[in-house]
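Residue strings, one per chain:
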Amino acid sequence: MTGPGPGPGPRPPGRAPAPLRAPTLSLRARRRSAANQRARRGAGGSGRAAGAAMEEVCAKFVSQKISKTRWRPLPAAALQPPDLFATGSWDNEDNRISVWSVGDLGNAGLNGEYQGEPQLLCDIRHNGDVMDMQFLDQERIVVASSTGTVTVFRHHQNNQTLSANHRWEKAHYHVDQDTSCGGAACTGVICNKPEIVTVGEDGRINLFRVDQKDAVRTIDNADSSTLHAVTFLRTTEILTVNSIGQLKIWDFRQQKNEPSQIFSLTGGRVPLHCVDRHPNQQYIVATGGQDGMLSIWDIRQGTVPVSLLNAHEAEMWEVHFHPSNPDHLFTCSEDGSLWHWDTSTDVSEKPSFLHQGGRSTTYFPHNTVNQSVVSAWLSNDPTKDRMEITNLIPNQTLSVNSLDVLGPCLVYGTDAEAIYVNRQLFA
Amino acid sequence: MEEVDGEPPLTVVPGADPSARQLCFAWGPAEVLVCETLFGRRGGEDGGQSSSCVFVVRKDQDIYIQTLRKLFNESHGIFVGLQRSEEELAGKSRKAQLVQVSKNYRSVIRACMEDMHQAAISTRDPALQSQYSTQVSILSAIELIWNLCEILFVEAAAAGPLLLRLLDWVRLHVCDVDNMVREVLSSENPSKHELFWNVVDVFVLQGRMDEARHLLSKEASANPTSVNMYRILDDLMKKMPMPSLGNTQTLTEMELKWQHWHEECQRYLQDGTFASNSHMESICKILLGDEDAILEKKELMTTWYHFLVTRLLYSRPTVKPMELRFYAQSSMDLFLGGESSPEPLDTILMAAFEFEMHQVIKECSIALSNWWFVAHLTDLLDHCKLLQSHNLYFGSNMREFLLLEYASGLFSHHSLWQLGVDYFDHCPEYGRVYLELHIERIPLNTEQKALKVLRICEQRQMHEQVRSICKIMAMKALRNNRLGSALSWSIRAKDAAFATLISDRFLKDYCERGCFSDLDLIDNLGPSMLLSDRLTFLGKYREFHRLYGEKRFSEAARLLLMLMTAHIAPCSFWMTLLTDALPLLEQKEVIFSAEQTYELMRCLEDLTARKSDKQKLQGDDVETTKVEMLRLALARNLARVIVKEGTLEGS
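Quick note, the sequences are listed as chains A and B, same order.
According to the UniProt record's numbering, the first sequence is numbered sequentially starting from 1.
According to the UniProt record's numbering, the second sequence is numbered sequentially starting from 1.
In case anyone wonders, no lab produced these hints; they're calculated from the structure.
As the structure is a computational prediction, the values presented were derived from the model and not from experiment.
Even glycine gets a Cβ: it sits at the ideal position worked out from N, Cα and C.
Misleading hints may appear alongside valid ones.
To be verified - Derived contacts from chain B toward chain A, CB cut-off under 10 Å, selection only: (1) 67; (2) 70; (3) 445; (4) 447; (5) 644.
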């Protein structure tokens, strides 16, 4: 169409007919019938004000499907909330790593965007889908690609640019029948500076050191199925989850290429997609599966999960304990929902540890007292234990692929090509 | 067939030269493949040297514009919300809901327009800049049309409020004069500005009386001599009756008041109150709805639809929806004055004023380069129950036809295909078939993407597609020598044949290497073991090995025998199983009972008989030796067991 378009340009944003752009958000608790839920938790009726967090969520449509979002870690002893995060895209012809700022740096930018909306600082092309991404330190980001390459990007903060710092080509690969090598998707990466561990569709585990050209250790065919995610258990041990419902512990001190322990879901072979361990009590591990189920494992005992919690209606893509407030857990899913699991609400109802301790210190064995305080995630007692579950996205449509929590801030990205930032999670 | 509406536009394929070579083409879902042919070429004079290219010609090119992806994604959410919304809300609240949805769509268009505008400003590439500017004007035209459709069709404003809505519409969209207004208002002394009266006229033409009066009062204070004249005009403008939005006055009341006011204006004009000031006289004429006086301000209105609304405001404020068409047609004729012919946008707006909804949609489909607008607008109008009577002579109905076109376009995009799924879901007649055909053509480069596609299919019980996707993934894994993954995929698809194939690969590997690969998988088969006989055998056979490894010999022996007697093991594998029995037969203690030994012997004889039926055992020394050894071992075991069992029973 040519010609009679009305006017040379749009009006200032204030004149838009219905300013309904920020997603409305209500803290509405949603629970499903928990038929196959082993540890049935108490009803989570939320009495909190629905409007509290409404203005605190900013949405930004970014014209690319977001596969990963990660906060930049805070320097030690920092008090301010995080102000920078990185995103990675997938399924685009031209995928990108982008760094965004939500700080007050350029507050209310020239374009009249309202404060708090993420501002793009810099981005860089990435070959292949971004499968996973972790900050190695304040400046470096390790990215896993669907081509099997693992790249370390450096974020130069003085001139706001990104550059590829180091690259391990085809860290993951297939050897096919004609003995030619093809890259295999690297599905997970975890960093514990200077070490980087990657896992992939080829069932391989790589241990890299950031400044070394070759892998320090490679376990070929570590798993006969696809490894979906990896996390550090302790400095020398890692946890992996695979597509046949197994959780494995690997110890790099041992020379043999076998897992030191295997845990598996009972019954079906439901693939596990994500894993995270409790930041303080390292024996508590959470995993999310293809059926949207959240499993809590106590790796000190047994080979099956302590509790299975019916959660999402489709694949759970990520699970994260809150790093400094681990009574809170966050999960996101293919069904377009993001759940906040809160076990801190029942603290008041629990027998007070100090009070009881004062009354009869010798009466309670140490570990009993300890357990009543720490094991909100492990408790099986449905009457005593309450868990408040809140769906943070009421009108869900497309998959929420990734989330990250740090301090009071939450960031998540979706297949609907939007990133959302909530800066007052516990308001 | 209906006749063709106008000539189809010519598409030039850059790089193809139809004058040199014939072109041929093939239809795709949302694109056309064009290639050059050898047809009619004279005897290979250019030796086939010059390229033979295949061109992909896309219909819905807007899909590939980066900034518009926000529009597609955000409107997708609104679309899904509208489909989910409860139809039970009756009457007013349902209408309010639909108007809200319409406003949401428009605010998305506006947001996208602003982004595009920003992009146009910030880019330095002139080609890109003009591309962005074109998009801005297309988007603003879209929003203009949508807004008018919202007033006329969705909200269906009645006489009275209709005019107010149209005024809002004009104020929102005719923003050519905004810069002028801003310049005058921000100047030090507005009343001395050369464009002062233009701005007053703009306010009057748009019915912004308060602002016009405010400006005039400044002028009045600067001219104490003519203060009386100003007061009279101010008074007229203040008293002008306006239709109300609520039910506070009836139309007749309004018309009566308006008649009185009109007569008063008439009086002042006739007795020459404003004769000394031509500006004020012309304003008074405008207030009286004098067409010539209004037309004089053509430059300030810029469009015929502004003229239409101004004309209605001052001559027919209680216009009924059905009367609009006459005023619209004559306004356009008067405004254009035969100087220029109406452009597509004019035709579309005219069709809307004539309440020809189908004409609007048809014209938009022809004029616009994307399906987004018509698909969403038609869907909204359909939810207003305005399109039900209309049937196409192809497909099901117009709403579905347009949604299918739009969604097909999304599916041809490498990344936006996920949005298309929900649109297909809400096409009751052909949506499913379209989805089935499209979803199988999504390239699956990672398992994660495959899982997402699979989830879409599983939620919709598309078993055929689930099988095909799993098979593709299983084949890929197999080609990469990832037997474990391959087996997982075929188990997920419940594909027994493929599971059998992979189990055979496992067993073959075992026979060659003497040990199993991927133990973690085989040990963890669980109930999925029952998917295929071969898989069951694989699992059970591995269980035999485990029992043997754990030195639970009698259980192992029972299992081994069962594998043959229950015909779980394939015949080709019997010799291996019998060989596996050898160490058990040679154990110090007796493991196989007499009965079991007889069974084993029968199995061996069956096997050799079958073999010799097919081909005489000739020259296969290894095989013969094996059989000899087995026979010997079995005989010895039988001897021992008879002695043992005899002793036990005897004692």
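| message | The hint names residue 447/B as touching chain A; please verify it with the least Cβ-Cβ distance against 10 Å. | response | Result: holds, 6 Å to nearest chain A Cβ.
| message | Quick check on the hint: residue 70/B CB to chain A CB, less than 10 Å? | response | Where the cut-off is 10 Å and the nearest Cβ of chain A is about 4 Å from residue 70/B, the hint holds.
| query | Hint check: is the beta carbon of residue 644/B less than 10 Å from a beta carbon of chain A? | reply | violated (40 Å)
| field | residue 67/B as chain A interface residue, shortest Cβ-Cβ below 10 Å | value | Hint on residue 67/B: holds, closest Cβ of chain A at ~7 Å, below 10 Å.
| message | Hint validation: residue 445/B versus chain A, beta carbon distance must be below 10 Å. Holds or violated? | response | Given a least distance of 6 Å, the restraint on residue 445/B holds.
The structure fails to meet hint 5 from the earlier list, while all remaining hints are met.
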